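What follows is each chain in one-letter form.
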Amino acid sequence: MDKHRFMKAVLPYLLVFPAMFGIAVFVIYPVLYLGYLSFYKYNLMNPAKSKFVGLENYAAIFARDDFYKSLFNTAVYTFGTVVLTLAISLAIAVWLKRSTKLNAFVQAGIFTPHIVSIVSISLVWLWMMEPNLGFLNFALKSLGLPTSQWLQSSDTALLSVIIVSVWQGIGYYVLIIVAALQGISPSIYEAASLDNASNWKVFYKITLPMISPQLFFILIIMTIGSFKVFDTVRMMTNGGPNNATNTIVYYIYQNRTTNIGYASATGMVLMAIIGILTFVYFRMLAKKVHYQ
Amino acid sequence: MTQVFPIARRVLEYVLKLCLLMVFIFPFLWMISTSLQTFRETLAYPPTLVPAVPQFVNYLTALEAGPFGTYFKNSIIITLSIIVMQMVVLIPAAYGFAKYSFRGSGFLFSLVLLAFMIPGQVTFIPVYLMMADWGIGRTLLPQIIPFMTNAFGIFLLRQYFKQVPEELIEAARLDNASELKILWKLMLPMSKPALATIALFSFVSHWNDYFWPLVMTDSAAVRPLTIGIAMLRETEGISNWHVIMAGNVILVLPILLVYIFCSKQIVKAFVYSGIK
Amino acid sequence: MASIQLKQITKTFDKHDVIKDLNLDIEDGKFTVLVGPSGCGKTTLLRMIAGLEVQTSGQIYVGGKDVSKVAPGQRGIAMVFQNYAIYPTMSVRENIEFGLKNNKVPKAERTELVEGIAETVGLSDYLDRKPSTLSGGQRQRVALARAMVKKPAVFLMDEPLSNLDAKLRVQMRIELIELHKKLGTTFVYVTHDQVEAMSMADKIVLMNKGEIQQEAPPEVMYHTPSNAFTAQFIGVPPMNISAMSDGFSFGFRPESASLSKEKLLGAFAAHGRIVTREMLGSETIYQLKTEHGSFMIKSIDDSFRVDDEVHIAVKQDKLHFFDARQKRIAPSEPAYEQSLDLLRGRRYG
Numbered sequence: 107m108d109k110h111r112f113m114k115a116v117l118p119y120l121l122v123f124p125a126m127f128g129i130a131v132f133v134i135y136p137v138l139y140l141g142y143l144s145f146y147k148y149n150l151m152n153p154a155k156s157k158f159v160g161l162e163n164y165a166a167i168f169a170r171d172d173f174y175k176s177l178f179n180t181a182v183y184t185f186g187t188v189v190l191t192l193a194i195s196l197a198i199a200v201w202l203k204r205s206t207k208l209n210a211f212v213q214a215g216i217f218t219p220h221i222v223s224i225v226s227i228s229l230v231w232l233w234m235m236e237p238n239l240g241f242l243n244f245a246l247k248s249l250g251l252p253t254s255q256w257l258q259s260s261d262t263a264l265l266s267v268i269i270v271s272v273w274q275g276i277g278y279y280v281l282i283i284v285a286a287l288q289g290i291s292p293s294i295y296e297a298a299s300l301d302n303a304s305n306w307k308v309f310y311k312i313t314l315p316m317i318s319p320q321l322f323f324i325l326i327i328m329t330i331g332s333f334k335v336f337d338t339v340r341m342m343t344n345g346g347p348n349n350a351t352n353t354i355v356y357y358i359y360q361n362r363t364t365n366i367g368y369a370s371a372t373g374m375v376l377m378a379i380i381g382i383l384t385f386v387y388f389r390m391l392a393k394k395v396h397y398q
Numbered sequence: 002m003t004q005v006f007p008i009a010r011r012v013l014e015y016v017l018k019l020c021l022l023m024v025f026i027f028p029f030l031w032m033i034s035t036s037l038q039t040f041r042e043t044l045a046y047p048p049t050l051v052p053a054v055p056q057f058v059n060y061l062t063a064l065e066a067g068p069f070g071t072y073f074k075n076s077i078i079i080t081l082s083i084i085v086m087q088m089v090v091l092i093p094a095a096y097g098f099a100k101y102s103f104r105g106s107g108f109l110f111s112l113v114l115l116a117f118m119i120p121g122q123v124t125f126i127p128v129y130l131m132m133a134d135w136g137i138g139r140t141l142l143p144q145i146i147p148f149m150t151n152a153f154g155i156f157l158l159r160q161y162f163k164q165v166p167e168e169l170i171e172a173a174r175l176d177n178a179s180e181l182k183i184l185w186k187l188m189l190p191m192s193k194p195a196l197a198t199i200a201l202f203s204f205v206s207h208w209n210d211y212f213w214p215l216v217m218t219d220s221a222a223v224r225p226l227t228i229g230i231a232m233l234r235e236t237e238g239i240s241n242w243h244v245i246m247a248g249n250v251i252l253v254l255p256i257l258l259v260y261i262f263c264s265k266q267i268v269k270a271f272v273y274s275g276i277k
Numbered sequence: 015m016a017s018i019q020l021k022q023i024t025k026t027f028d029k030h031d032v033i034k035d036l037n038l039d040i041e042d043g044k045f046t047v048l049v050g051p052s053g054c055g056k057t058t059l060l061r062m063i064a065g066l067e068v069q070t071s072g073q074i075y076v077g078g079k080d081v082s083k084v085a086p087g088q089r090g091i092a093m094v095f096q097n098y099a100i101y102p103t104m105s106v107r108e109n110i111e112f113g114l115k116n117n118k119v120p121k122a123e124r125t126e127l128v129e130g131i132a133e134t135v136g137l138s139d140y141l142d143r144k145p146s147t148l149s150g151g152q153r154q155r156v157a158l159a160r161a162m163v164k165k166p167a168v169f170l171m172d173e174p175l176s177n178l179d180a181k182l183r184v185q186m187r188i189e190l191i192e193l194h195k196k197l198g199t200t201f202v203y204v205t206h207d208q209v210e211a212m213s214m215a216d217k218i219v220l221m222n223k224g225e226i227q228q229e230a231p232p233e234v235m236y237h238t239p240s241n242a243f244t245a246q247f248i249g250v251p252p253m254n255i256s257a258m259s260d261g262f263s264f265g266f267r268p269e270s271a272s273l274s275k276e277k278l279l280g281a282f283a284a285h286g287r288i289v290t291r292e293m294l295g296s297e298t299i300y301q302l303k304t305e306h307g308s309f310m311i312k313s314i315d316d317s318f319r320v321d322d323e324v325h326i327a328v329k330q331d332k333l334h335f336f337d338a339r340q341k342r343i344a345p346s347e348p349a350y351e352q353s354l355d356l357l358r359g360r361r362y363g
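Chains as they are written, first to last, in the numbering used here: chain A, 107 to 398; chain B, 2 to 277; chain C, 15 to 363.
Mixed in with the good hints there might be a few duds.
Some chain B residues near chain C, calculated using beta-carbon distances under 10 Å [as the list claims (entries may be wrong)]: (1) Gln-160; (2) Lys-163; (3) Glu-171; (4) Asn-177; (5) Lys-182; (6) Leu-189; (7) Lys-193; (8) Pro-194; (9) Asp-219; (10) Ala-221; (11) Lys-269.
SDA-like cross-link-like pairs, simulated, lysine to any residue; straight-line CA separation at most 20 Å [unchecked claim]: (12) B:Lys-18 to A:Trp-273; (13) B:Lys-186 to C:Pro-145; (14) A:Lys-114 to B:Trp-185; (15) A:Lys-203 to B:Ile-239; (16) C:Lys-83 to A:Ser-205; (17) A:Lys-114 to C:Thr-70; (18) B:Lys-265 to A:Ser-205; (19) B:Lys-182 to A:Phe-168; (20) C:Lys-79 to B:Lys-186; (21) A:Lys-207 to B:Leu-17; (22) A:Lys-207 to B:Val-16; (23) A:Lys-203 to B:Leu-169; (24) A:Lys-114 to B:Tyr-15; (25) B:Lys-100 to A:Ala-115; (26) B:Lys-269 to A:Leu-196; (27) A:Lys-207 to B:Lys-265; (28) C:Lys-21 to C:Ser-105; (29) C:Lys-144 to B:Ile-170; (30) C:Lys-115 to B:Leu-169; (31) B:Lys-18 to A:Ile-194; (32) B:Lys-100 to A:Phe-112; (33) C:Lys-165 to C:Lys-144; (34) A:Lys-207 to B:Val-12.
Only part of the chain B face toward chain C is listed, based on derived beta-carbon distances under 7 Å [unchecked claim]: (35) Val-24; (36) Arg-41; (37) Ala-45; (38) Val-51; (39) Pro-52; (40) Val-165.
No lab work stands behind these hints, which were simulated from the structure alone.
Given the structure is predicted, the values throughout are model-derived calculations rather than measurements.
Idealized CB from N, CA, C, for every residue including glycine.
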């Protein structure tokens, strides 16, 4: 008889065990291991010869200009991507929010890059942005606009990477914002029009606050996602020219075989940054977004 | 006049929206066009938009540049194994978190959220060393087993399970159904949309993955398609755009075809993931 | 078929006793209705009988057997839920069959049972439909069929009619009474609606704040409520209760008072002004303002109008008295005379 109660007590643990095991082995243990490695001068050929160096790796990180350069690039990249993506996808979403065949078709088209590998995206844009033969400069020249060196100049390389990322990401965020816009009850707009509110006021006072939970979700997802940018950089610029597009993850990647302890310490710093950003966002979330 | 004006407006709206669409579609069209051009055509100025004679030979050249059969097979094995394994792990976990209250559930679930926040870009060095330690560094496993717990999937499915009315489960208990039967016969059939979304997400992100195989693999035998295509630039030379684009089409085409035929469902699934 | 005994049942949620030391015997084969305001513990009680909720202490016997530690599916109980809890991904047939399958009933027997039940509840043509294509009434029948097919010793129903529209509800009430007669099984039915309780029950168990206020057949409960709560919960409009001195109070049912423009005589008499008038067809409900407070009066005479000055009177055998602890004072008790005196004192004083 009591088998029933025993099973009832143990079953939930059995159910979640495999998942928790995976998290323990492939997330929590590696993070601890990463912390451990960050205190060592690790010898890949002969781990027994690794040497405990305390905080030396961390001291080195904060003393090196190339780290600050990659941190700065990552911050610029994140800021640029988040702001541009949010602004453009919001504008497109408002434009395409009515549920018509044409709008659904355009949305589906805009979304296409999102499901394609970043490898393909990068190759296509490398070719598009090719300064002499690429289509982009051809198009600019045909329109009488100045051309650009795009990925091949340290002045424009980071911006070019940002453009590609924004281009790839927008479709997804348009979908989410459109869904959020369509979720707003029409009676709210009817009430506003009876209250004689202007279009701009309706957008600012009703639409924007109503979709703020989704905007907030986008902000978090994109910020965290942007901070770990790597694929586009590796594919299109290899961090160049002249470290103009070197980002934190690419920096870790560069050091991953030659200087494991140092790369690990950088990984810890990256994790701390992501953690702080998440924490700050959720504090803001608790205070600000309260409409649903 | 009043009749003409709205029509003009509608036409303008159509044209503008199609222009917007072209911004996102044209690069793919150009990729396909380039993949069918001769080397000379790729060098032409102004750029060639439509090749004189489609050069399908470019595809053969691309495929001969590396062991693409192996790459393709690896991609399929890796992606399918991950999806199957994740489902086996996440379904019971989501059920446990959604429908049972047990001591420590809050803490364990916060670990799931934590796992969601910590990216592979942070953990890859220790995981790589672990895999080498376990002696499986040169198999496909390092590209599969680290993804056994899909934290996002657990989260999504848990939300879905939570919406299933408690009475349904109680009715099934009164019908003398075991807990596993309730999960299998009742909860899963009701959760098809969520399961499809999770599987689709998993497929897209692992089929397309570049970072993880890049840092985990060092031999062609275990590399997936993404790495193979990315390496075309090194093997074929960075200016052989016609061959590189041909390889690129090979990588993109399967997913693009699926998307063209199921774009409605796929779009729905992605929207669903974002609103929850 | 089985009787149910609850012995010293206590249920605690978050250190708060929802039900404390409750004892209840539910007779074999009877239609018992648990009724009470929301939050009174009636649903919790039902769920404990089903085994969906585990009592904090005490024992539950079904058919004389202690089932306190038996899993819900093995108690020989079927339950109909408020929202029917029909499995949405299964066809009507699969819904009805699910319990049988789990109990390893052979296929041939299963098919026979399912089709027999479907015939009984009028679902034969819908067996292969998905629940989403059924109407509210049909879903209700699926839920009933699913419960009946298991031939349970006890039927539990948790407000099964509350999701139906008014007309269908009345019809289903009659069908349930007939069903009970036909099956002769123990029915335990939970509702917050006293009309449902009155019309269907062999025995009503009225609960409030986790305690049983009264267990009695409908007539007994109506005519001799054991306390003021029962008196006011059963009956529409509720019994008029007015305070006297020493915490005592008296009451009468709205239909027990006679109403006239002339002065009337009775154990209790008063005059006042009509404030509202509600014409219901066969009868009319007036609200009367008197010096003793305001009373609801139900009368077959609809000729009175708002603002009319009228007299009312109630005969002694229609009066109820309640003591300081809200308990009803029976005519045989010494306190009854005392209450009558108090009432007279008020009238003359």
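To see whether the hints hold, each was checked on the structure:
{"no.": "1", "hint": "Gln-160", "verdict": "violated (18 Å)"}
{"no.": "2", "hint": "Lys-163", "verdict": "violated (16 Å)"}
{"no.": "3", "hint": "Glu-171", "verdict": "holds (5 Å)"}
{"no.": "4", "hint": "Asn-177", "verdict": "holds (3 Å)"}
{"no.": "5", "hint": "Lys-182", "verdict": "holds (7 Å)"}
{"no.": "6", "hint": "Leu-189", "verdict": "holds (9 Å)"}
{"no.": "7", "hint": "Lys-193", "verdict": "holds (8 Å)"}
{"no.": "8", "hint": "Pro-194", "verdict": "violated (12 Å)"}
{"no.": "9", "hint": "Asp-219", "verdict": "violated (47 Å)"}
{"no.": "10", "hint": "Ala-221", "verdict": "violated (46 Å)"}
{"no.": "11", "hint": "Lys-269", "verdict": "violated (19 Å)"}
{"no.": "12", "hint": "B:Lys-18 to A:Trp-273", "verdict": "holds (16 Å)"}
{"no.": "13", "hint": "B:Lys-186 to C:Pro-145", "verdict": "holds (16 Å)"}
{"no.": "14", "hint": "A:Lys-114 to B:Trp-185", "verdict": "holds (17 Å)"}
{"no.": "15", "hint": "A:Lys-203 to B:Ile-239", "verdict": "violated (42 Å)"}
{"no.": "16", "hint": "C:Lys-83 to A:Ser-205", "verdict": "violated (56 Å)"}
{"no.": "17", "hint": "A:Lys-114 to C:Thr-70", "verdict": "holds (16 Å)"}
{"no.": "18", "hint": "B:Lys-265 to A:Ser-205", "verdict": "holds (13 Å)"}
{"no.": "19", "hint": "B:Lys-182 to A:Phe-168", "verdict": "violated (56 Å)"}
{"no.": "20", "hint": "C:Lys-79 to B:Lys-186", "verdict": "violated (31 Å)"}
{"no.": "21", "hint": "A:Lys-207 to B:Leu-17", "verdict": "holds (15 Å)"}
{"no.": "22", "hint": "A:Lys-207 to B:Val-16", "verdict": "holds (15 Å)"}
{"no.": "23", "hint": "A:Lys-203 to B:Leu-169", "verdict": "violated (37 Å)"}
{"no.": "24", "hint": "A:Lys-114 to B:Tyr-15", "verdict": "violated (60 Å)"}
{"no.": "25", "hint": "B:Lys-100 to A:Ala-115", "verdict": "holds (13 Å)"}
{"no.": "26", "hint": "B:Lys-269 to A:Leu-196", "verdict": "holds (19 Å)"}
{"no.": "27", "hint": "A:Lys-207 to B:Lys-265", "verdict": "holds (12 Å)"}
{"no.": "28", "hint": "C:Lys-21 to C:Ser-105", "verdict": "violated (40 Å)"}
{"no.": "29", "hint": "C:Lys-144 to B:Ile-170", "verdict": "holds (18 Å)"}
{"no.": "30", "hint": "C:Lys-115 to B:Leu-169", "verdict": "holds (17 Å)"}
{"no.": "31", "hint": "B:Lys-18 to A:Ile-194", "verdict": "holds (14 Å)"}
{"no.": "32", "hint": "B:Lys-100 to A:Phe-112", "verdict": "holds (17 Å)"}
{"no.": "33", "hint": "C:Lys-165 to C:Lys-144", "verdict": "violated (24 Å)"}
{"no.": "34", "hint": "A:Lys-207 to B:Val-12", "verdict": "holds (15 Å)"}
{"no.": "35", "hint": "Val-24", "verdict": "violated (42 Å)"}
{"no.": "36", "hint": "Arg-41", "verdict": "violated (60 Å)"}
{"no.": "37", "hint": "Ala-45", "verdict": "violated (59 Å)"}
{"no.": "38", "hint": "Val-51", "verdict": "violated (51 Å)"}
{"no.": "39", "hint": "Pro-52", "verdict": "violated (52 Å)"}
{"no.": "40", "hint": "Val-165", "verdict": "violated (9 Å)"}
Violation of the numbered hints given earlier is confined to hints 1, 2, 8, 9, 10, 11, 15, 16, 19, 20, 23, 24, 28, 33, 35, 36, 37, 38, 39, 40; the remaining hints are satisfied by the structure.
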